[in-house]
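**Student:** Here the protein sequences line up with chains A and B, keeping their order.
Residue numbers for the first sequence follow the working numbering, so the first one is 8 and each next one is one higher.
Residue numbers for the second sequence follow the working numbering, so the first one is 16 and each next one is one higher.
Note that these hints are calculated values from the structure, not bench results.
Beta carbons are placed, not taken as given, at the ideal position from N, Cα and C, and that holds for glycine.
Any given hint could turn out to be false.
[Stated by the list, open to error] Here are some, though not all, of the chain A residues that point toward chain B, as calculated from beta-carbon distances under 7 Å:
1. 29
2. 36
3. 51
4. 55
5. 64
6. 199
7. 270
8. 383
Each chain is listed here by its residues.
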Amino acid sequence: MAARLVDFARELREEGVMTGTSELLDAVAVLREVSWTDRDAFREALAATLAKSPEDRRIFALVFERFFFRATEAAAVREGVRESVPPTPPTHDAAQDGDDASGELDLELLRQQIARAVQQGSEGAMRDLARLAIAAFGRQGEGSGVIGVDVQRIRRQIGLRAEPQTELDPEDPRAAGLPREALRRFEALLRRELERGQIERTEALPPSRPLSELDRALPSGPLQDLAAVHRVVAQLKRRLKTRGSEHRGARRRTHVDIRRTMRASLQTGGVPVVLKERPVRPRRPEIYVLCDVSTSVTSASVFFLSVLHALHDSFRKMRSFVFIERISEVTDVFERERDFKAVSEAIGRDAGVADISGYTDYGRVWDEFREQVGDDLHRRATVIVLGDARTNGRDPRADLFAAIAAQAGRTFWLNPEPRLYWNYGDSVIRAYEQYCQAFECWTTRHLEDFVEALARPTSTSPDS
Amino acid sequence: MNAAPAQPADLARRLRATGYLPGESAALVSHLAIALGKPVLVEGPAGVGKTQLAKALAEVLDRRLVRLQCYEGLDEAKALYEWNYRKQLLRIQAESDTASWREVQDDIFGEEFLLERPLMDAISSPEPVVLLIDEIDKTDQEFEAMLLELLSDFQISVPELGRIEARTRPVVLLTSNNTRELTEALKRRCLYLWLDYPELEHELEIVRLHTPQLGDEITRRLVEVVQMVRELDLKKPPSIAESIDWARALLLLGARDLDLDMFRQTMSVIVKHRADLDVVAERVGVRLAAGASSG
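In isolation and in its complexed conformation, chain A is listed as follows (with noise of 0.2 Å):
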């Protein structure tokens, strides 16, 4: 069994959940105080030690239906273990012939009971019913092949809907419609069924599917993977969390700490002869970011979105602003939400970007930009911008951009293009390049370089 479970953790690692060493010792002793019959306990215990957020929970969920599905089938094949009696629906062969009428009847009911089933949703009958549905309705052997389109085959045919159907017999469980949720779980469980079908046919696994081909490239059409996008940056923000602190201030301001001199002075008969300072926190940096959302920059605003709020989670003291033809400062938004949904949904809503025209203005943008923080900036901060730098044919005002980073101790420039691209077109990176530390990244390995210049202590400015 353990090494099934060594096995089940490094799946997991594979789709990014983080399991040591430690975390199976405690698996293998929690698997001692639940009973193995219990499918939920096994499986909750396992969860309490292995996957320790709710996104590490929500994977645990997938890869464990994944691997012990799979687990039990593969032992089956090498056994040779088969379905002794294929399941016997009611009527054997009058799915063929419809002109059977007892056999029509029978075949009735058994779509009644299975919408019965489906309505008081449990699971056990659902999945009995699943059998022998497929024995009814899913002409054996010669499925289609393909197990999404056998499973909506057979849900057709049984009648199953969520929407009422009204032209039925009031009695009819279905008559009402049937609840979404119950319906996807027993979708799942002929699924299911089905690819134990397959695998007794041909005894082979089909090829284990990663949950979802994470590309590391940024997605680029509207319909984005939210998800996988969130699953780098999670990654990313325990690099950025890590990174950080070794590198931050190191310098020591003296702050008498009376508590401790008053401790120390006891062993020198009261008269304080060593003097205890106050211990230093390390002091966070302080950034500002400015995020272009305008529609050039589409497909990566929502990357960048998340990074913003990935460094929101890690750094305290940074201020947010986002920008089309204006500015808008969204600090308090990333404050208020921890939900990334909610955040984009809030910008989106409420950022009151005053778009007028739909096009980056830079030239205004760094106007606004010294006018709201202005006096604040200051050598520790650093200012990050997060744009395509394509101004529409407006002037870029690359004085006043010079003129914020002569302000600030550190600027980056993170444009979503690849380098490729620049200073083709309006695109005017070439005018702020020389005041800034420009960056590509449009995947999430050009962010990690970043994160490291980011961390990397200043050299420009010694006092900080």
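Starting from the known structure of chain A, fit chain B onto it as the hints suggest.
**Tutor:** Only chain B this time, still in chain A's reference frame:
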């Protein structure tokens, strides 16, 4: 002292007897924590009964509850121990003529002069206790690091005294509202329990347990409304504690049915933001009005 329950179901039953209705996973993980002697990290939205779980456990196990409320800037002098230097000074002055230096020195760094703070208290208590470290996410990371020794080995190092090991193993619960991610090192030492808002039936049971006098019909209506409100996009969704408060308020007002007027008057019990109030009044108000006219 009560013996530790042998089975999760047993523990669940006894938690129920104290007025806390645990979910399945809550009972199981608490059981594991007691059996293995590992700390539990309880996370979840505010007001789902994280702190309450610790209190109920203390009651079930018949142990004292030692609570450390975390806040920003909490340091070891307030969490672990501190030398009572006033008393130490007094001791020196009282005997400065008669006692030798050596005696005094040995004396003033004895346990008599140690001010025990919650963590030390939990460790050195002769009877086992339940230690609740509440809202750990409010502290700095440095403080988390300090906890590691305590959580994995149940011991505290005091430079002048050496190592203080736990005489008894406390059951440790850490709660977090998830306002920041805790360090891996801390998580690794804990079992993890995620508490979420309960399902309708479960919450109904909880509310009934606390306000049995309120009619069945209205209680169900109340819980349905609370669940509906949670679905909305609010700044702060109502917690279980607030549903119970609401039930009590309705009881006090002698409400028979939860109609639109009653809802308008009392909804400030469950919704506590200006903007949220408007959203809820509009959305739920419509539903209630529709329900009243059709039913």
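**Student:** Taking the hints in turn, state whether each one holds.
**Tutor:** Structure-based check of all given hints:
1. 29: Since the shortest Cβ distance to chain B is 5 Å, the answer is holds.
2. 36: holds, 6 Å
3. 51: holds, 5 Å
4. 55: Cβ of residue 55 of chain A sits 5 Å from chain B, so the hint holds.
5. 64: holds, 6 Å
6. 199: Hint violated; residue 199 of chain A Cβ to chain B Cβ min 23 Å, cut 7 Å.
7. 270: With a closest approach of 5 Å, the residue 270 of chain A hint holds.
8. 383: violated, 22 Å
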